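Engineer: The lines below spell out each chain.
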Amino acid sequence: MAEKTSVSVAIVGSGGAGVLTTGAMLLEAACKAGWNGLMTRSVGPQIRGGEAAALVRLATQPVECLADNVDLLVGIDWVSAQRFEGEIALAPGSIVISDPSAGPPPPVLAPAGTRIIELPLAQLTKANPTWRANMIALGAAARLLGLDDEALRQIIKLHFEAKGAGVVNASVEATRAGGDSVAAVAGAFRLAPPQSANGKRWLITGNEATGLGAVRGGVRFAAAYPITPASEILEWLAPNLPKVGGTLVQAEDELASINMIIGASYGGVPSITATSGPGLSLMIEARGLATAAEIPIVVVDVMRGGPSTGIPTKSEQTDLNIAVYGLHGEAPHLVIAPQSVTDCLLSTQWATFLAEMLQAPAIVLSDQALGQTQVAVSRPADISFIGKRLCATEIAAPYKRYALGGSGVSPMAIPGTRGGQYTADGLTHTERGIPTSGAREHGAQLDKRCDKIERYDYGALWATLEGDGEIAVMTWGSLTGVAREAIARARADGIAVRLIAPRLLLPTRPVEMAAALHGVKRLLVVEQSHSAQFHRFLRAHYTLPQETSVLYRPGPLPIRPSEIYRQLTRGESL
Amino acid sequence: MSATAPLACKPGDYKSETKPIWCPGCGDYHVLMSLTRAMATLGLPPEQIAVISGIGCSSRIPAYTSCYGFHGVHGRSLPLAAGLKIVRPDLAVIVASGDGDGYSIGGNHFLHACRRNVDLTYLVMDNHIYGMTKGQPSPTTEPDFDTALTPGGSGVRPFNPLVIALASGANFVARAYSGNPLETANLIVEAVRHPGFSFIEILSPCVTYRPDQRAWKDLVHSAPVEATDDAARAARRLMTDDGFNLGVLFRGNRAPYRPATDAAPCDQIELEKGFEI
Ligand SMILES: Cc1ncc(C[n+]2csc(CCOP(=O)(O)OP(=O)(O)O)c2C)c(N)n1
Ligand code: SF4
Ligand SMILES: [Mg+2]
Numbered sequence: 001m002a003e004k005t006s007v008s009v010a011i012v013g014s015g016g017a018g019v020l021t022t023g024a025m026l027l028e029a030a031c032k033a034g035w036n037g038l039m040t041r042s043v044g045p046q047i048r049g050g051e052a053a054a055l056v057r058l059a060t061q062p063v064e065c066l067a068d069n070v071d072l073l074v075g076i077d078w079v080s081a082q083r084f085e086g087e088i089a090l091a092p093g094s095i096v097i098s099d100p101s102a103g104p105p106p107p108v109l110a111p112a113g114t115r116i117i118e119l120p121l122a123q124l125t126k127a128n129p130t131w132r133a134n135m136i137a138l139g140a141a142a143r144l145l146g147l148d149d150e151a152l153r154q155i156i157k158l159h160f161e162a163k164g165a166g167v168v169n170a171s172v173e174a175t176r177a178g179g180d181s182v183a184a185v186a187g188a189f190r191l192a193p194p195q196s197a198n199g200k201r202w203l204i205t206g207n208e209a210t211g212l213g214a215v216r217g218g219v220r221f222a223a224a225y226p227i228t229p230a231s232e233i234l235e236w237l238a239p240n241l242p243k244v245g246g247t248l249v250q251a252e253d254e255l256a257s258i259n260m261i262i263g264a265s266y267g268g269v270p271s272i273t274a275t276s277g278p279g280l281s282l283m284i285e286a287r288g289l290a291t292a293a294e295i296p297i298v299v300v301d302v303m304r305g306g307p308s309t310g311i312p313t314k315s316e317q318t319d320l321n322i323a324v325y326g327l328h329g330e331a332p333h334l335v336i337a338p339q340s341v342t343d344c345l346l347s348t349q350w351a352t353f354l355a356e357m358l359q360a361p362a363i364v365l366s367d368q369a370l371g372q373t374q375v376a377v378s379r380p381a382d383i384s385f386i387g388k389r390l391c392a393t394e395i396a397a398p399y400k401r402y403a404l405g406g407s408g409v410s411p412m413a414i415p416g417t418r419g420g421q422y423t424a425d426g427l428t429h430t431e432r433g434i435p436t437s438g439a440r441e442h443g444a445q446l447d448k449r450c451d452k453i454e455r456y457d458y459g460a461l462w463a464t465l466e467g468d469g470e471i472a473v474m475t476w477g478s479l480t481g482v483a484r485e486a487i488a489r490a491r492a493d494g495i496a497v498r499l500i501a502p503r504l505l506l507p508t509r510p511v512e513m514a515a516a517l518h519g520v521k522r523l524l525v526v527e528q529s530h531s532a533q534f535h536r537f538l539r540a541h542y543t544l545p546q547e548t549s550v551l552y553r554p555g556p557l558p559i560r561p562s563e564i565y566r567q568l569t570r571g572e573s574l
Numbered sequence: 001m002s003a004t005a006p007l008a009c010k011p012g013d014y015k016s017e018t019k020p021i022w023c024p025g026c027g028d029y030h031v032l033m034s035l036t037r038a039m040a041t042l043g044l045p046p047e048q049i050a051v052i053s054g055i056g057c058s059s060r061i062p063a064y065t066s067c068y069g070f071h072g073v074h075g076r077s078l079p080l081a082a083g084l085k086i087v088r089p090d091l092a093v094i095v096a097s098g099d100g101d102g103y104s105i106g107g108n109h110f111l112h113a114c115r116r117n118v119d120l121t122y123l124v125m126d127n128h129i130y131g132m133t134k135g136q137p138s139p140t141t142e143p144d145f146d147t148a149l150t151p152g153g154s155g156v157r158p159f160n161p162l163v164i165a166l167a168s169g170a171n172f173v174a175r176a177y178s179g180n181p182l183e184t185a186n187l188i189v190e191a192v193r194h195p196g197f198s199f200i201e202i203l204s205p206c207v208t209y210r211p212d213q214r215a216w217k218d219l220v221h222s223a224p225v226e227a228t229d230d231a232a233r234a235a236r237r238l239m240t241d242d243g244f245n246l247g248v249l250f251r252g253n254r255a256p257y258r259p260a261t262d263a264a265p266c267d268q269i270e271l272e273k274g275f276e277i
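If you read the sequences in order, they're chains A and D. Residue 503 in the working numbering sits at position 503 of the first sequence, and the numbers go up by one each step. Residue 193 in the working numbering sits at position 193 of the second sequence, and the numbers go up by one each step.
Source of the hints: derived by calculation from the structure; they are not laboratory data. Predicted, not measured: the structure shown is a model, and the values here were computed from it. C-beta atoms are modelled at their ideal positions from N, C-alpha and C, and glycine is treated no differently. None of the hints are false.
Partial selection, computed: residues in chain A whose CB lies under 8 angstroms from chain D: (1) 32; (2) 202; (3) 216.
Just chain A, with the same shape it has in the complex (with noise of 0.2 angstroms):
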């Protein structure tokens, strides 16, 4: 059989039955192996038990998405494996390993005429005590992809270490055991032999690289209040903001948190808050302060479906208008989308460091399905910038905070420093601080606010532009990845497709966009709303082709290359 480049292994069970810890070893193994891939998990609400699946896709070249179908299923059991109907979609020639005393696989996942493997693991974990199925459905699977052993055994070292010689040699032995009960399919989805991967490997969920890049960026204060997908991202800063002489305050609600990182940025350091959709809804009156204020502040919005509660554990891009407009009165900010796990890391450090330059607050908004995607890549190159805030050392009285003039940044007097006392103040004030209502100063401050982030030159990192042709896809955030593969197929097929992306959503860039879309004849947006909030904004901002056509829908269930692609080559009308 050919050799893959990409392989798609799909892992469900209920909750207990250690899918997300196979998923991820898997996962460890192939990366350890040189192979790049990535797993997203995708799990019900239940906090222990219910349904879980690991999806995990391994390929020899770098992925950001993953693929439409899948090769490889394993039902560790098919308890409730039917609600992951439209996540988990057979390609052709795909196998399904089931173990016959779990019943057969629901008809919603494989249906009628799907090739199974039977892998029996209630028999060989009744025989073998010690064996965990969970194990020998790992080995099962790394048979079929080609997987080392050696790399497996090193990485159950790793994970079972801790408890002892003899869970690593059960460990070992199941999943051998589970390897030769499927020695018949052995090498069914081969991948072909990793690229030479240089330098360091690296495996990193989005929500880590958001911690790293904040780190990166020069941020050394976050508070926290737990919510999901977000609370990965302030466990990892816990630890590690006091290993760079940082610290993280739990705060009793998003009030406090996001008021917390407005003192301790007003106090001189760099800070962030993380959160999702119900909390960044609380938070909208102390961004406009932070505007108001000048503070610098970066609050990560990790967006799950909504409205409401919505549905905490997956992934929708629907949080853009509250991102964007969220704020009563003219409130100027920056809005910021990672477009892959790894973009997480050089998002989250150009939105602080944006933030420290233009004394403004920025949203980092990324989603589920990049905060809570492991990758295994090559370490990311290190980007240089950290911003740096425009201090008042040497100050003339009267001191003037919110001086006009300039770029509109204006010095900003930390705390200690002699002759620069002012009170920060959300009331609408004059130069000096001091609270006004007169229509002079409101207009004046307002001004300030607007230009010094609209006349900001942001350079190439605004947006991804890619290819070139009169048709192109315009999209954001963890869709941009899903797009770049598409458009790949497309460009196999030879029509020529541009993606544009913007990365930077406020504040917009019309000149930019401009360019960027000049000579496109025809537009696709994609994007995972149910109304379509991504291509309201372009309108309302930009000017697009006249034959601009939306893909779009609500999450849970992810936009896939596939549907972008037969989008773009359904010939003349898109």
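Got chain A sorted already, so can you dock chain D with the ligands onto it with the hints?
Structural biologist: This is chain D with the ligands only, laid out in the frame that chain A set:
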């Protein structure tokens, strides 16, 4: 040191030129006087002091000092101040609030500030009314007090912020009356010096919406007993007193909040090791 000792710095050094918006006769003028006097006694340079507030007549106080200030949003002064103090332990951070700002919209933060015990000084100018929004009942307003929003009274029982502070873990609890500025200044000095979260409830009349509070000057009196370090005893006293006992009521000895920081910070690159495989 007491506020009546000779001062190296003058209270006037801690006043700004900004003219208060307060009504003539408002109790908050006296609180400002007490605050600047306390600062002078403490002898800290104005740039080493930060005064943080929310929204309300009382919350206007930061800009009337010559210190660093933050006039934030309604009810959120305590978390903002905690964030500042945690990253800048070198500053003296004083939080100013009102009974609406601190006990109603900011009530949750009050509980957690007491629990967390960050080294802050919390001054609540309690006039049993929302002054700034023109006279609606607050959590300390009497149930039969008639207002436009609650004709005939709210019918809702007021709460006792001092008892709540004790139950939640505040490390220093006192009651003051704005009309006794020297005594109030002394209490502020002691509160700033006391480690952890120090809370002073300052009875500060609203002459405009609560003219009846002019009678407070005849009702207030010194607490008849010494402060205790037993929170339960202090709470029992407070639940049975007449609400006009002044002075320090509780001095705790709980260690203030300490953020988790490593003694020897490492290079950022070290953090990346966790991702290597
Ligand atoms: C979120 C929000 N809700 C309501 C208001 C309106 N508001 C301003 S001050 C205030 C009450 C202030 O009362 P208090 O803290 O007792 O201060 P006082 O004016 O009595 O000193 C209210 C409700 C506001 N500014 N923000
Ligand atoms: S309304 Fe009351 S609290 Fe406000 S300034 Fe006037 S007297 Fe003082
Ligand atoms: Mg009041």
